[in-house]
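Q: Listed here are the chains, written in short residue letters.
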Amino acid sequence: MFRILQSELYRIRKKPLFFFCLMLSAFFMFAYALTFHYDTVKAAGLTGGIASLNDYTEFLFSDYSLVIPITIFQLAYVAEDYQKGIHEILFAKGISRFDFFFGKLTALWIATLFYLIFSFFMAYVFIMAIWIKQTNIQISFVHICGYLILQVLCFIGYSSFLWLLSCLLPYRNIALAVMFFLLGTLYLYLTKISTALNLEYSLYKCWIVGLSDQMEINLSISQLPPVLLTIAAYIFLPAGAAYWIYRKTNLRKQERR
Amino acid sequence: MVQIEAALELKNVSYVFHDRKGITDVSLQVRRGEIYMLYGGHNAGKTLLLQVLTGAVIPQTGTIKLFGNSDYLQEKRRIGYVPQKPYSLGKMSVSDMLHYFALSYGVLEKEFDKALDLNLTEKKAVCHLPFFMQKKISIGIALLGKPDMIILDDPFHGLDSQECEYLLSTLSSLNEERNMTIMLTGQDYEPASRIVKKYGILADGRLKVELTPDQINQECSRCIKIRTPQVARAITILQSDFPQYEVLGDDVIRVFCPVSYSAEINAKLVSSGIEVCEIGIAGMNPQSFLSALTEVKL
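As given, the protein sequences belong to chains A and B, one line each in that order. If you read the first sequence in the numbering used here, its first letter stands for residue 762, the second for the next number, and so on. If you read the second sequence in the numbering used here, its first letter stands for residue 55, the second for the next number, and so on.
Any given hint might turn out to be false.
[To be verified] Derived DEER-like restraints, expressed as beta-carbon distance ranges:
1) A:Tyr-799 / B:Ala-179: 39 to 45 Å
2) B:Asp-73 / A:Leu-990: 43 to 49 Å
3) A:Leu-949 / B:Glu-176: 16 to 22 Å
4) B:His-96 / A:Phe-882: 43 to 49 Å
[Unchecked claim] Simulated crosslink set (EDC-like; lysine to aspartate or glutamate; CA at most 16 Å straight-line):
5) B:Lys-139 / A:Glu-841
6) A:Lys-775 / B:Asp-150
7) B:Lys-200 / B:Asp-150
The set of hints was computed from the structure by calculation and includes no laboratory data. Virtual Cβ for every residue (Gly too), placed ideally from N, Cα, C.
Kindly generate the complete structure, drawing on both the sequences and the hints.
A: Quick look at the structure:
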């Protein structure tokens, strides 16, 4: 498994798409920083707006901008193996399905972690550059770090879910279409529909990947047990289900489809 | 008697799809140092059989032994697999791909086999290289870790005569100098016949017969040619006992069977009231012979 992890990390490093996704994410972070600055500090400047890094951190997860690049990368990356028949070549050399599956999944988790660290770094660099002359910045390191760690775990869970989707639909375009449809539905459900129906669904608090604005930075520590439980389920259930499917899959190329 | 260890042994291996296509009860043995060809037409089950060997498809029944070990997963490191279509990973260059597979296989050597004469400094993405170059890279990757056996799926497909020549000499030298067992599939007798030492004829998912080049030559010079004006009736009478036949013209049938059956065939036809103008032994082209063997009669 370690060998596969090593080789997959090498492959990710050599993928231009990964760097494209990092650049896209950096652009989104720049847009976030500008938007937040103009919406909070500048617009409220006359009435004494507060530059709060805590609020900015929460704002980073207010929509899907962080989700989209990693979704594109991951689905394209996993589908390539099916498309090119890489499984067969590796299995022929005695690499087991277990090693391949978990080696690659771990590599994807690490790639997601790297992607998020890069995105957070860029987000804070941009906002600090904009606020360079700001004298009073509200900041709570404990809350920000706790919240970011939870979001990182959420994204790792999201990677597991994407992996499950790739096992079910090993075609890049179909998987992408389905995933964006799911994201759209979820977005509408969590925002517009729930507001319209006035739903008070407690799972919102521990919902996924910053898709719910109910997971507030100040509450994240007090809500830790249910949030962690949900995230653990979110990471391990899709991974387990994906492995079960992968073990049963005949990895012939698309010859008979 | 010294028994030569089998590199690969399949017993009653089956994998049948819902539409009843697939492979059924395939049993064969490839000895060490042998060059074995699985010969068969489209949908004969060649690629599926190789995918069973590589582990991409798990057989429904049967056993596979590799180098005498029934736990064939343990011995798979000794195999190199070259799929029919050369593969590439994104925009990776030759050396990047080599590095990726070397890491995956856990092998230390970071160079392609010298026999392949590949340029590692080539910066172009593998997917943009000529077809034969990509094929050579696939073979080079299969040779990482110095395997004892190499499996090639239709290696001559899409190659011109010069490229076939190069591939033949490479495979031949791997076999002779390193005693490497080679298993290949295909439906072109001509290029492969120069190195192959045994043929397994696959048709409709079943291994019909195994033949050596000598046996093929013998069989090709030995078929029974019958001249009769009642071809259709003659076929009806003969086809239950001699299912491998070919109609050459309005009045000639060629039956593929040992020549000793000629008297029996003659008697059978005559006793059924069929006029046999001429019956004799005739030869044929090995490619046509093998094609006739793999032909599926509907």
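Q: Run every hint past the structure and note whether it holds.
A: Cross-check of the supplied hints:
| no. | hint | in the structure |
| --- | --- | --- |
| 1 | A:Tyr-799 / B:Ala-179: 39 to 45 Å | holds (43 Å) |
| 2 | B:Asp-73 / A:Leu-990: 43 to 49 Å | holds (46 Å) |
| 3 | A:Leu-949 / B:Glu-176: 16 to 22 Å | violated (50 Å) |
| 4 | B:His-96 / A:Phe-882: 43 to 49 Å | violated (55 Å) |
| 5 | B:Lys-139 / A:Glu-841 | holds (15 Å) |
| 6 | A:Lys-775 / B:Asp-150 | holds (8 Å) |
| 7 | B:Lys-200 / B:Asp-150 | violated (19 Å) |
Checked against the numbered hints listed earlier, the structure breaks hints 3, 4, 7; every other hint is satisfied.
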